[in-house]
Amino acid sequence: MKLEELKPILETLIYVSEEPLTVKQMAELLEEATRADIEIALQHLQLEYTERGSGLELREIAGGWQIATRPEYNEYLRRYARSRPSARLSLAALETLAVIAYKQPITIPEILEIRGVSSSSAIKTLLDRKLIVPQGRKECVGRPILYGTSKEFLVQFGLKDLTALPSLEDLEDLVAAT
Amino acid sequence: MKLEELKPILETLIYVSEEPLTVKQMAELLEEATRADIEIALQHLQLEYTERGSGLELREIAGGWQIATRPEYNEYLRRYARSRPSARLSLAALETLAVIAYKQPITIPEILEIRGVSSSSAIKTLLDRKLIVPQGRKECVGRPILYGTSKEFLVQFGLKDLTALPSLEDLEDLVAAT
Amino acid sequence: MPSRQFFNPKMTSPTTRNAIEPAALRPEDNPARDYKIKLEAFEGPLDLLLHLIKRHEIDIYDIPMARVTAEYLAYIQTMRELDIDLAGEFLVMAATLIHIKSRMLLPVDPETKGENGEILDDPRADLVRQLLEHQRYKAAAQLLWSKHEVEQGVFTRPPLDQSENAEISATVFDLLETFKKIVERRRERIEIEIAREEMTQAQKMAEIRTLLAENRSVNATKLFENARSKREMVCIFLAILELLKETVIIFRQERTFGDILIERAVPTRGDRPEPTEATEVTE
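Sequences listed follow chains Z, L and P, in order.
Taking my numbering, the leading residue of the first sequence gets 1, the next gets one more, and so forth.
Taking my numbering, the leading residue of the second sequence gets 1001, the next gets one more, and so forth.
Taking my numbering, the leading residue of the third sequence gets 2001, the next gets one more, and so forth.
Check before you lean on any hint, since a few could be wrong.
Computed beta-carbon distance windows for the label pairs [said to hold, decoys possible]:
(1) 88(Z) to 1141(L): 31 to 41 Å
(2) 1060(L) to 121(Z): 24 to 34 Å
(3) 2073(P) to 141(Z): 50 to 60 Å
(4) 2190(P) to 46(Z): 20 to 30 Å
(5) 1118(L) to 2086(P): 46 to 56 Å
(6) 1027(L) to 2180(P): 45 to 55 Å
Here are the simulated BS3-like pairs of lysine-lysine, each with C-alpha atoms no more than 27 Å apart in a straight line [as the list claims (entries may be wrong)]:
(7) 2245(P) to 2222(P)
(8) 1151(L) to 1124(L)
(9) 151(Z) to 2147(P)
(10) 1130(L) to 1151(L)
(11) 160(Z) to 2222(P)
(12) 1151(L) to 2181(P)
(13) 1103(L) to 1151(L)
(14) 1103(L) to 2181(P)
(15) 1160(L) to 24(Z)
(16) 1151(L) to 2245(P)
(17) 124(Z) to 103(Z)
Calculated from the structure, these hints are not laboratory results.
Where is the CB? At the ideal position from N, CA and C, for every residue including glycine.
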């Protein structure tokens, strides 16, 4: 399938998908195109969105592709959409989430050990908000549940994948700068 | 407000709107722009969508404006709709699945007894989605079919095996320390 | 953690400590109220320690244990005076600090000295590692917060399908929560049913007593026939059994296979039933 044919098809598929659409999903839907074709078409499409100064952008998030508004237009959108009811995460929840994001999969006792305080209520919040998910059990006494971040975590924090998080060494610099 | 500034703002507003957005509504949100400005910007934007051969179009409908997929791509959308993965369940199906997951193998009368409501249509859904499978018959009056969760269930819920299902104790561990 | 970053703990020798501690015990002239506001912001002992280290611009790799311990204890003391609920972790850390401090007063074992005279098993090593790690995760939390803020300004297409029969995207914990709710709902349902049945049985007993107060005998078969549900039949049956037990009633059958009649029991001399509520009705 030619690039020019592929682009609008991918655009509509991404548009209708409620969740970020992966290249794999797209390839399954379009037997006519290879994954490589799709990757190239997406790169072109993304560039086009940027070049024409659209208020929307095609972006890679949580391992998939999504059309979303550009952050710089949030002022007008907030006026209209009355901003999504965004219960903010507490500092405790954010810190616990940070530990889980970097140390996953991790058990509750291990989180306690790192944070120095009980984190159960923070973990409960994170589970409720589907930011973390159980990922099996650790093969040790008590077989405690291992937790890791979810796809929803990537979506809510605008991350392409976990490698998009800065390394702990980079964080060191961040600490130094403050 | 200049045309080039106005276009992306209108685009994002229309994009996030659940209903077609009227020019009147847009004018109210943007005190900086007149209705005439907005009309012109929309005409430009519409033309741009067409000219770049997008899979989407900006169209006027029911007195408002909306972004929608072009009809010529319907075939791909149908393919997408058919392919949707289905870890998504109605509440009734989720409840029935929960009972089966934790009480398997279990018969339909036993599920009824626990849920307090008839579960036959939910069971049909779960069977259709291959989340549960018959696992023989119970040796009692009527020899009712016993149901249990399937391999597909493990895959969709990301479980290694059934012992990885969180237990009520796991939940209590969470709540206990809070 | 490279051990060369730890230095000889000479500066916490008794003389130095004495010079620092009195000041540390009253770290500021701030009234106690100022503490309260600050203290509540501390997530835990590590947070409090980091705060103390930052405020005094202490080198995290060379923490003056005596001074920091004293300050830490002063905070804890203030928290107690203010009746702030002190998490157990704060006390555990206090004990740890005191322990490290005392270990640092011991002469350094020459065996544990490195080539350049640095201490290889600095008693503070674990604490420093913990503090550094904690600091990193605080930075990570900050970063996540800012990313989340940006994302709050990003909007996607609203759901196209807003049908009533919305489907839920479920995780294993949803399964567990759902199961827990069902179990609780069932328990409540059973309790309600038991309560309802008890009430009905009592009602049936009262009804039979009333009937017997008005009539010489009551046809048991008729009683059952008038029942509207299986449960009501069971209740009538249980009520009759109970009244028989209390010897409020007797059964009489005029001929074999005939209808069973319920009649008031006539208390015989020497075999008088307990003066129950039932006898009051019959008299």
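Check your understanding: Within 27 Å, alpha carbon to alpha carbon, are residue 2245(P) and residue 2222(P)?
Key -> holds, 21 Å
**Study point:** residue 1118(L) versus residue 2086(P) beta-carbon gap, inside 46 to 56 Å or not
**Key:** holds, 53 Å
Check your understanding: When you check the alpha-carbon spacing of residue 1151(L) and residue 2181(P), does it fall within 27 Å?
Key -> holds, 25 Å
Review point. Within a Cα-Cα threshold of 27 Å, do residue 1151(L) and residue 1124(L) meet the stated pairing?
Key: holds, 17 Å
Exercise for review: Measure nothing beyond the straight line between the CA atoms of residue 1103(L) and residue 2181(P); if it is 27 Å or shorter, mark the hint as holding.
Suggested key: Holds, because 14 Å separates the two Cα atoms, which is no more than 27 Å.
**Study point:** residue 2190(P) versus residue 46(Z) beta-carbon gap, inside 20 to 30 Å or not
**Key:** Once the Cβ atoms are compared, 59 Å apart, the range 20 to 30 Å for residue 46(Z) and residue 2190(P) is violated.
Review point. Given the proposed pairing of residue 1130(L) with residue 1151(L), does the C-alpha separation stay at or below 27 Å?
Key: holds, 9 Å
Exercise for review: Hint says 31 to 41 Å; check whether the CB-CB distance for residue 88(Z) and residue 1141(L) agrees.
Suggested key: violated, 57 Å
Check your understanding: Within 27 Å, alpha carbon to alpha carbon, are residue 1103(L) and residue 1151(L)?
Key -> holds, 16 Å
Point to revise | residue 2180(P) and residue 1027(L) - C-beta distance against the hinted 45 to 55 Å | key: holds, 51 Å
Exercise for review: For the pair supplied as a hint, residue 160(Z) and residue 2222(P), confirm whether the alpha-carbon distance does not exceed 27 Å.
Suggested key: The hint is violated at about 77 Å.
Check your understanding: Under the criterion that the straight-line Cα-Cα distance not exceed 27 Å, is the pair residue 151(Z), residue 2147(P) satisfied?
Key -> Holds, at roughly 15 Å.
Hint violations for this structure: numbers 1, 2, 3, 4, 11 and 16, all remaining hints satisfied.
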